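S.K.: Residues per chain, in single letters:
2 protein chains.
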Amino acid sequence: MFDAIEKLKEYIGYQSVSADSAYKEGMGQTRDFVAKMLGDLGLSVEIVNTPKHPIVMARRTGDPSWPHVVIYGHYDVQPVDPIELWETKPFEATIKGDRIYGRGAADNKGPQMAHIAAVAELLEECPDLPLRITFLIEGEEEVGSPSLLPLLEERKEELSEADFVLLSDTLSPSEDQIAVTVGLRGIVDMEVELVGPKSDLHSGLHGGAVYNPLQAMAEICASLHTPDNRVNVPGFYDDVTEVEEWERDELKELGADMDAYAASVGVDALHPIAGYTPFEAIRYMPTLEFNGLWGGYTGEGSKTIVPAKASVKITCRLVGNMKPDVVGKQVADAILSRVPKGLKAKVKMGHKGVPYLVVPPDRPNTPAGQSEVLANAYRATEAAVTDVFGKKPLFLREGGSIPIIADVKRVTGLDSVMIGLFLPEDNLHAPNESMSLEVLKKGIQVSKRILKSVAGV
Amino acid sequence: MFDAIEKLKEYIGYQSVSADSAYKEGMGQTRDFVAKMLGDLGLSVEIVNTPKHPIVMARRTGDPSWPHVVIYGHYDVQPVDPIELWETKPFEATIKGDRIYGRGAADNKGPQMAHIAAVAELLEECPDLPLRITFLIEGEEEVGSPSLLPLLEERKEELSEADFVLLSDTLSPSEDQIAVTVGLRGIVDMEVELVGPKSDLHSGLHGGAVYNPLQAMAEICASLHTPDNRVNVPGFYDDVTEVEEWERDELKELGADMDAYAASVGVDALHPIAGYTPFEAIRYMPTLEFNGLWGGYTGEGSKTIVPAKASVKITCRLVGNMKPDVVGKQVADAILSRVPKGLKAKVKMGHKGVPYLVVPPDRPNTPAGQSEVLANAYRATEAAVTDVFGKKPLFLREGGSIPIIADVKRVTGLDSVMIGLFLPEDNLHAPNESMSLEVLKKGIQVSKRILKSVAGV
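If you read the protein sequences in the order shown, they are chains A and B.
All residue numbers for the first sequence refer to the UniProt record's numbering, where the first residue is 1 and numbers rise by one.
All residue numbers for the second sequence refer to the UniProt record's numbering, where the first residue is 1 and numbers rise by one.
Bound conformation, chain A alone (with noise of 0.2 angstroms):
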């Protein structure tokens, strides 16, 4: 008998920050513990090596007339700093009442064990299972997945041959409200930097002559958003698409209690783009995002200058059919061109992401050759929340980006059902992260029903 808890105990145990590599050791331990456990199911493992953490597949295989699930999770979680505001130790599951506690535990040990214990269970009870699995266990999700394209492209003839991607790692509102995600935003992130004068001077004997970076930062920044808040970007919008109905009634079930969101931020006031509500332009428009801003002194007290330059970090968030290709050169252009005499400016690009969404079945706008298994997955998961979490799940876009999932779908065609088993208070990223124990028993309980749904049995 396959025991969820005492297993995720146990992977929360292993030390498995991909981000630093003083964790080497830990994360090769983690991968061990995966691939015994996976192997234990009956499936057949194989480590791919990848440049820095190997992947972990496993597989049930079976007759091609079967349906085929992909099983996307990752065993590397976030780096545990601030290390003293912990109040366990990260690296030993802790049970408090009726949470798990420890590094790892939202973000996606836990979530990603409901699926495990779902085939556990399924298997157990049903050896002869119709389904074939294909477990995809990354270990390069928080250092942003470099390896699982290539794995993609790679596999793409195997996987490819699969209906559906099933994963756990987005957010629902809360136990009570389930969220499945249909639609993540894309990305594109650059750095500015601007330079002025050879070096810094001094600002007396050259203020008032030099043009200053921080002030050419600052003009360029302010150009990028009118004061309605759209972004001023020649084409910046020429791509985004329009949101269906249905999708603004869920959102409206959603509530938006904009007061209480707002207090949860911590601010007095909301900006979102004007003709949308917050939860509106969070999900349904693309933004310009400054992620961090630099030049001149930043120390104690004074330093009287003119910077020899200033940074920026910008991220666009993108939907509908906008492409980071274009619109990073949008920005970067719209930037380069109010580059005053005086400086130069350089733009480097980061990553990038194109925006994912998928249409469930039955919907106005669903595509017409919609796989069946596909839709048979996303009624199952409906049927499921509704009958084990107590309420119909939402069918939302999250503001997010997962960048995987929309090279998932590039490469290999397939769409991924994401159920939310992480919630607002679980502190993904930060301290004192935790799962919901009854969230973890009604998601393999989900899990398991969306399977055997899947394979028909």
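No incorrect hints appear here.
Just so you know, same-sequence chains aren't split out, so a pair can sit in one copy or run between any two.
Computed list of lysine to aspartate or glutamate pairs in EDC-like fashion (alpha-carbon distance at most 20 angstroms, straight line):
1. Lys452 / Glu124
2. Lys89 / Glu425
3. Lys198 / Asp259
These are calculated hints, taken from the structure and not from any lab test.
Note that the structure is a prediction, hence the values are computed from the model and not measured.
Since the structure of chain A is provided, determine the placement of chain B on it from the hints.
M.R.: Only chain B this time, still in chain A's reference frame:
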């Protein structure tokens, strides 16, 4: 016989970094050296205690009818970082060709030595010189002279009774063109912190709903200048005063090869306030400069956040009758009034200094009651520089700020004769600081001629 170069070598050898408490012993040794050097000239030395680094005062008293000159200098120096860029040891004076290298060579040990050596030679040649002299050599100039104003106030009676202050702590354009500084800009600095959400937010999950503090900061900073580079703060220019024709004529004589100036600071275009040349803008007009700007993630790679806050350091340079308190409030009020909803701002005021302007004798706007001793000192300065350096000095305002000069004027009523004895190539506040020995020797001659003329011998 006083050997100025030997004394300067020894002076540079004493490690007097006032900003760094690790140099406490070096500061004491330097002070002892200065005290002994001045005592050896027959002056009465007083060490005035201050909270940080005591001030050396040394007096040659005499008949109250004798003119009385205060000679100002500072024995402290800038830190030596980055030490790896020094080609000689910063605290071991090294003579290469016609230059003496070492920290403080130009700022201020060398130029100050010109006046000390002049007094030494004069007293040797003319032991009965009818001149009262007060050296005032402080040890906190590089940390903002916090003890000088209290000293001025404490010794107001004694100092007010002097005729003028003589010092060399300003720049000349070249050895061939000595400048006498007749005006300094005032200063007021402040730091503004803009706070948005209570912590950094995930730019996917929240981007588009919350006002990004970096965006708001850029918009506020961008609003502080108009496209013609005027400061866009109500009332900012109210107390700027007219510049006299003779001043413009002097500046014209300086010449204005703007291409050469732009090249020297490493830009391909300059950006003065509309209606002024860059050199006029630096000297005659106030500025609002951003000295430092920061917020969000500034490390390697990307971090997809809406940052919680943003900060900027601002310095305003003031001219004419502009008052630091008034201008500081104008700027702070303008900034606070431009903070959008959803953010809060805090403004912290820093250093303050009023502008300074002295009009030499024989100008259309020379004050009617200007003292004959000061007028004589100015005339002697012009004649001596013309003879010794081979060209008439220019009487110019400078864009920098030496708040103590204005404080001296305000508290004691004394004007200052500021003869520029360091040059652009001297690397002040930078590695490989040096001073031309030729300028030092000529400086001694000029100082002697001024002092003799003031003494009437």
